[in-house]
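Number of protein chains: 4
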Amino acid sequence: MQNRYPIGILGATGMVGQRYIQLLADHPWFEIAWLAASDRSSGKPYGEAVKWRLDTPLPDRIAKMPVSPADPDGAPRIIFASVDAAFARELEPKFAEAGCAVLSNSSAFRMADKVPLVIPEVNADHLQLIEEQEWRKQSGGYMVTNPNCSTIGLVMALRPLEERFGISQIFVSTMQAVSGAGYPGVASMDILDNVVPYIGSEEEKMEAETLKLLGKSESHTVTPLDAGITAHCNRVPVVDGHTECVSIKLRKPATREQILAAWDEFKPLAGMDLPFAPKQPVQFAEQADRPQPRLDRNRERGMAVTVGRLRPCNLLDWKFVLLSHNTVRGAAGATILNAELLASLGKLEQVAVAAGRA
Amino acid sequence: MQNRYPIGILGATGMVGQRYIQLLADHPWFEIAWLAASDRSSGKPYGEAVKWRLDTPLPDRIAKMPVSPADPDGAPRIIFASVDAAFARELEPKFAEAGCAVLSNSSAFRMADKVPLVIPEVNADHLQLIEEQEWRKQSGGYMVTNPNCSTIGLVMALRPLEERFGISQIFVSTMQAVSGAGYPGVASMDILDNVVPYIGSEEEKMEAETLKLLGKSESHTVTPLDAGITAHCNRVPVVDGHTECVSIKLRKPATREQILAAWDEFKPLAGMDLPFAPKQPVQFAEQADRPQPRLDRNRERGMAVTVGRLRPCNLLDWKFVLLSHNTVRGAAGATILNAELLASLGKLEQVAVAAGRA
Amino acid sequence: MQNRYPIGILGATGMVGQRYIQLLADHPWFEIAWLAASDRSSGKPYGEAVKWRLDTPLPDRIAKMPVSPADPDGAPRIIFASVDAAFARELEPKFAEAGCAVLSNSSAFRMADKVPLVIPEVNADHLQLIEEQEWRKQSGGYMVTNPNCSTIGLVMALRPLEERFGISQIFVSTMQAVSGAGYPGVASMDILDNVVPYIGSEEEKMEAETLKLLGKSESHTVTPLDAGITAHCNRVPVVDGHTECVSIKLRKPATREQILAAWDEFKPLAGMDLPFAPKQPVQFAEQADRPQPRLDRNRERGMAVTVGRLRPCNLLDWKFVLLSHNTVRGAAGATILNAELLASLGKLEQVAVAAGRA
Amino acid sequence: MQNRYPIGILGATGMVGQRYIQLLADHPWFEIAWLAASDRSSGKPYGEAVKWRLDTPLPDRIAKMPVSPADPDGAPRIIFASVDAAFARELEPKFAEAGCAVLSNSSAFRMADKVPLVIPEVNADHLQLIEEQEWRKQSGGYMVTNPNCSTIGLVMALRPLEERFGISQIFVSTMQAVSGAGYPGVASMDILDNVVPYIGSEEEKMEAETLKLLGKSESHTVTPLDAGITAHCNRVPVVDGHTECVSIKLRKPATREQILAAWDEFKPLAGMDLPFAPKQPVQFAEQADRPQPRLDRNRERGMAVTVGRLRPCNLLDWKFVLLSHNTVRGAAGATILNAELLASLGKLEQVAVAAGRA
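Protein chains in written order, with my numbering: chain A, 275 to 632; chain B, 275 to 632; chain C, 275 to 632; chain D, 275 to 632.
Think of the hints as simulated: they come from the structure by calculation, not from any bench.
Just so you know, not all the hints are guaranteed correct.
Heads up, the list lumps identical chains together, so a pair's fine if it works in one copy or across two of them.
[Claimed, not checked] Below, in silico cross-link-like pairs of lysine to aspartate or glutamate (DMTMM-like), each with a Cα-Cα straight-line distance of 25 Å or less:
(1) 368 - 305
(2) 526 - 322
(3) 523 - 364
(4) 318 - 399
(5) 523 - 591
(6) 411 - 539
(7) 325 - 399
(8) 325 - 358
(9) 541 - 329
Small disclaimer: the values here were computed from a predicted structure and weren't measured.
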């Protein structure tokens with residue numbers, strides 16, 4: 275127990291903050307040591323500050339922890355952050371500057387030049403960007419981001435195909451769960467017996483992040499994938515799990531069997547023993563009517579992406595459906611897996627040392 | 275009252291059959307004179323045979339009408355039909371052969387060579403095909419079909435653009451209401467907190483019907499539109515109203531204003547005084563997050579299509595969202611409007627005469 | 275048109291405020307002349323200030339009306355009010371003091387001694403209380419309230435039974451729609467695939483209001499009904515329509531037929547020609563599984579209450595289910611019907627005169 | 275592994291059948307050895323016969339098992355049964371007669387004189403009734419039933435109170451999940467944006483079973499609890515988890531603290547080490563708005579009942595809300611726990627021996 279990394283959570287009372295707490299409850303490498311949220315919550319025991327919305331009990335130890343102010347003083351050197359972009363823009367650099375490894379689910383810095391946007395299975399090599407960050411040079415601190423919840427599933431399904439066949443065009447239409455909007459988030463009057471065909475800035479994020487994630491890491495920067503992409507984003511009355519309809523054009527022809535094989539054989543983290551890494555990151559569902567959020571979102575504890583309905587597309591080459599758990603694989607689990615990857619690369623030790631020096 | 279056309283309903287107990295009854299309750303031109311359903315219902319008063327699922331009361335007169343066997347004997351000469359394709363394939367020709375005008379919402383004959391597939395605002399001229407039908411020549415009877423519920427909204431939104439700018443590529447991803455699957459239809463265990471990304475044969479229907487509807491009527495046949503189209507069809511937890519995300523490539527460039535004008539000025543039935551024709555068939559919603567099924571499905575008593583979110587598409591030219599009421603505009607209302615058009619063209623009188631002769 | 279009473283709406287942007295606007299669109303007696311909402315909205319055109327959540331279009335005339343500050347200056351003499359209790363407590367007396375007839379849907383003064391809590395079909399005679407109000411004596415202004423949304427349906431179903439048989443015990447358990455909580459109101463994360471068995475203060479309101487409504491109006495006050503009542507209130511994933519399970523103990527024995535007759539013959543407003551009065555205020559549904567919110571909430575444009583499943587209760591005497599449209603019959607329609615009753619009693623003329631004097 | 279009891283499942287493709295399979299996947303005492311379903315499924319591999327609706331994958335071993343005909347020949351000596359009452363009435367006696375221990379979730383024999391209706395925490399002593407059964411005497415076979423899904427939660431919450439204070443009157447109003455109706459069960463058109471205030475025979479079952487469960491086991495029979503009970507049963511749009519509003523009259527006065535203590539100290543199976551027995555069978559939720567199905571149904575893997583909102587009742591003594599997972603605690607888990615109890619009492623060994631003899 276004493277060997278686990280102490281970590282802090284910035285934005286601990288939000289939906290993703292709650293997921294961090296749920297998912298880290300028995301984590302073998304990380305231990306929650308610090309919780310911060312808005313000023314309104316500061317000072318209260320976490321159990322009073324939070325409106326816990328998950329279906330497992332809030333652990334007693336966490337319920338009793340005080341909520342700290344969102345300030346690097348007294349915070350651990352590893353920070354999991356999930357706050358609104360406006361707050362993130364202001365807060366996250368403070369922590370990096372103070373020598374923290376900031377692992378962020380916020381959108382504020384995802385597209386920043388020197389900030390790696392990473393899915394461990396997809397582009398672990400982009401992590402080298404942290405060495406380009408001023409914070410790193412000054413205090414040892416750095417920032418790593420994970421993508422938007424709707425982007426992660428898409429990119430995980432595309433990565434094995436891009437690798438083998440190349441992708442030149444991507445069409446995606448999403449049906450996203452309400453948990454993606456946080457709490458209270460979507461009003462029930464807006465979503466019962468309804469669909470909302472609009473999510474602010476979501477399409478832009480999805481388009482830009484996808485190309486950066488599939489891009490090439492070069493000496494000092496990342497060159498985005500040279501492909502066309504268009505997204506239609508919708509909110510549907512589902513609690514958890516984003517479903518996405520995808521059509522793609524490949525650079526090299528591929529048969530159905532080759533595509534299935536590409537997904538099946540996609541196991542880039544095999545052998546690394548990261549606790550949150552799914553054994554089979556992209557799982558193909560054989561049934562004609564799958565994947566479905568209620569039935570498939572929890573595969574490999576919510577960390578696997580399910581694909582299905584692979585069939586030819588009249589306009590591009592292939593079309594299929596994918597599903598991923600938006601607050602696990604698409605948010606909290608993504609940050610945690612990034613942290614595990616960094617730990618296994620020795621990048622968290624360095625922070626601890628740097629912090630020790632500071 | 276005595277001047278109204280007596281009409282019969284084939285498939286009267288189904289969801290669309292119920293909508294025919296609801297929508298025709300006070301129709302100025304048509305009067306329900308005959309109801310037929312499966313053998314199981316035959317002989318019972320309609321009120322006992324049906325599980326009425328609409329939110330207006332079943333009219334007393336209709337509740338007391340007996341359910342007749344599905345046989346042309348004793349049926350009126352105008353038949354509104356909405357039965358499963360397998361039954362339609364067998365039953366509908368019998369009625370046409372017996373001299374009836376069969377106005378069908380069933381999918382069985384929509385793509386048949388000599389059978390017009392018609393949306394009055396879109397391709398009224400395709401009706402000439404009925405004169406090519408053997409039935410017409412023999413008994414005066416004929417068959418006219420209306421499209422699938424997901425096709426109608428799409429084609430109404432596309433028609434004004436095809437007319438002015440030409441369309442070469444269509445991408446559509448749907449979020450369809452459960453009423454489209456009839457009753458009992460979709461199990462609640464399949465759709466609560468869920469999405470089903472599959473509807474049997476729906477994508478194929480949508481792709482083929484769209485091109486036929488936008489096609490050119492020539493001497494003896496219809497030449498489908500020469501365009502590429504791909505559809506992703508999904509079921510969502512919504513009672514009524516299909517939402518569709520669309521991207522299109524135009525043959526001639528068009529500005530946003532030109533597209534809005536094309537929709538705004540699309541009033542092909544103006545001056546015909548058809549009771550069910552919407553005044554503004556395609557209505558643009560200004561708000562960023564519209565159309566939405568719960569809020570927009572009832573525009574012009576469910577007969578208008580709402581479009582919104584017109585914006586450039588990174589892959590094709592433009593993208594937008596559309597919504598139409600699937601059991602009104604997309605089914606029962608579609609058949610009724612076809613019947614009104616035929617009446618105003620004198621094609622129902624001819625049936626009556628022909629039938630009189632027979 | 276020029277003969278209609280000009281009325282003002284306090285709380286115009288809320289869910290009930292929106293319903294006032296929808297329901298008064300073509301009202302023969304009342305014309306919306308003034309809209310007020312929170313300071314945040316003040317000065318904006320209503321169309322910009324409101325997030326319109328109803329499925330009929332916001333009328334153009336109303337969309338362009340400016341939102342006024344919530345102050346009696348410049349307001350009409352008849353005010354329909356639906357604001358949070360805390361605001362109501364402060365604002366409504368100001369309007370009554372300034373000579374307005376305040377017809378309120380707010381809970382703040384419902385239980386006040388001299389304020390009548392009225393359902394026209396149930397206790398029109400309680401209106402005499404307005405003559406006891408200080409405001410009335412000073413400025414001619416007065417206050418009349420309508421009950422909570424869950425109370426109205428219950429009391430309408432109970433009133434005919436209380437009249438004929440007497441009621442000594444009432445057990446009620448509700449399943450209430452989300453629209454009852456306003457907008458944004460209930461978070462979707464709280465209600466999708468869920469039930470919330472708690473609505474703040476609702477049980478207390480329902481218990482107290484029911485007894486006052488069924489109470490006896492005496493010289494200067496109302497003596498509540500002498501009966502026991504207990505309420506369990508729950509929120510369910512339904513957009514509109516409160517469903518309530520009721521068990522009652524009667525003072526005199528009644529047969530099933532007698533109870534049905536009491537409901538059937540309950541037409542206390544017959545002959546008064548109030549535009550919003552339902553012809554059959556309490557309607558019995560014969561089917562075993564009714565009433566249901568989606569199917570029955572719109573009976574008589576949402577102003578009728580539907581009862582069903584009348585059967586013996588093992589503990590008390592009878593049990594049944596009732597349903598009423600919570601934002602129509604249970605809120606906006608209730609205020610409007612109160613206003614119609616006051617108009618027909620000449621109590622709105624008096625305000626106009628009094629106001630003229632002031 | 276070789277020491278586990280082989281068990282068979284009758285009704286293996288239904289919703290409860292699927293839960294047996296899910297819950298028994300890693301059961302330390304029982305191993306699924308035989309699956310039977312309707313004739314239509316017989317002979318197929320289970321994976322083809324079932325429409326798997328649970329959110330964990332169907333185990334491979336089970337998917338490959340053939341579906342057997344519903345006949346005792348070749349079946350194991352321990353049968354978990356969950357089939358429609360009509361089938362149960364015919365099939366279950368055949369298995370008991372053939373020497374099987376039939377542990378049934380079906381309603382057919384729950385109220386039969388010599389058949390114990392058992393919840394291990396509540397009335398384990400009723401099991402003695404099996405020795406009165408003819409089957410037992412003839413072949414060693416016997417039948418034990420578990421209650422209806424809505425009854426179990428209620429009785430578990432009541433039992434500790436009945437024990438300490440006595441209960442004379444029970445009022446219960448339920449909000450039941452759709453999974454309780456099986457698959458396809460409730461049509462989505464019936465439950466989206468809706469409540470159905472009727473479940474066939476449910477109220478009668480709930481009333482009768484509750485009194486039998488809380489009754490006294492005497493030499494040859496069970497005397498039901500002498501108490502009044504009335505139930506209102508409703509279906510709501512929730513996937514899993516029945517919520518119930520309860521009012522009770524006690525025979526002896528009890529304070530809030532005494533009631534909470536009765537629930538808290540209710541641990542009748544402590545020390546027996548039954549794998550499915552919850553550590554804290556009745557759990558009190560402190561929050562004002564709990565229990566809620568989405569948040570509380572999975573406590574102790576779905577085997578605990580959550581109670582909340584304990585408060586005085588104006589009519590009876592106390593009221594509260596309870597929640598239990600209807601297909602786990604209320605069905606499949608109930609049968610399994612009954613089997614565990616029988617195993618620990620040595621009643622399954624005896625069947626094996628008896629069967630060996632036969």
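Hint-by-hint comparison with the structure:
no.: 1; hint: 368 - 305; result: within (22 Å within a copy, 57 Å between copies)
no.: 2; hint: 526 - 322; result: neither (56 Å within a copy, 36 Å between copies)
no.: 3; hint: 523 - 364; result: neither (40 Å within a copy, 42 Å between copies)
no.: 4; hint: 318 - 399; result: neither (41 Å within a copy, 49 Å between copies)
no.: 5; hint: 523 - 591; result: both (5 Å within a copy, 17 Å between copies)
no.: 6; hint: 411 - 539; result: neither (38 Å within a copy, 59 Å between copies)
no.: 7; hint: 325 - 399; result: neither (38 Å within a copy, 42 Å between copies)
no.: 8; hint: 325 - 358; result: both (17 Å within a copy, 23 Å between copies)
no.: 9; hint: 541 - 329; result: between (30 Å within a copy, 23 Å between copies)
In terms of the numbered hints stated before, the structure departs from hints 2, 3, 4, 6 and 7, listed from lowest to highest.
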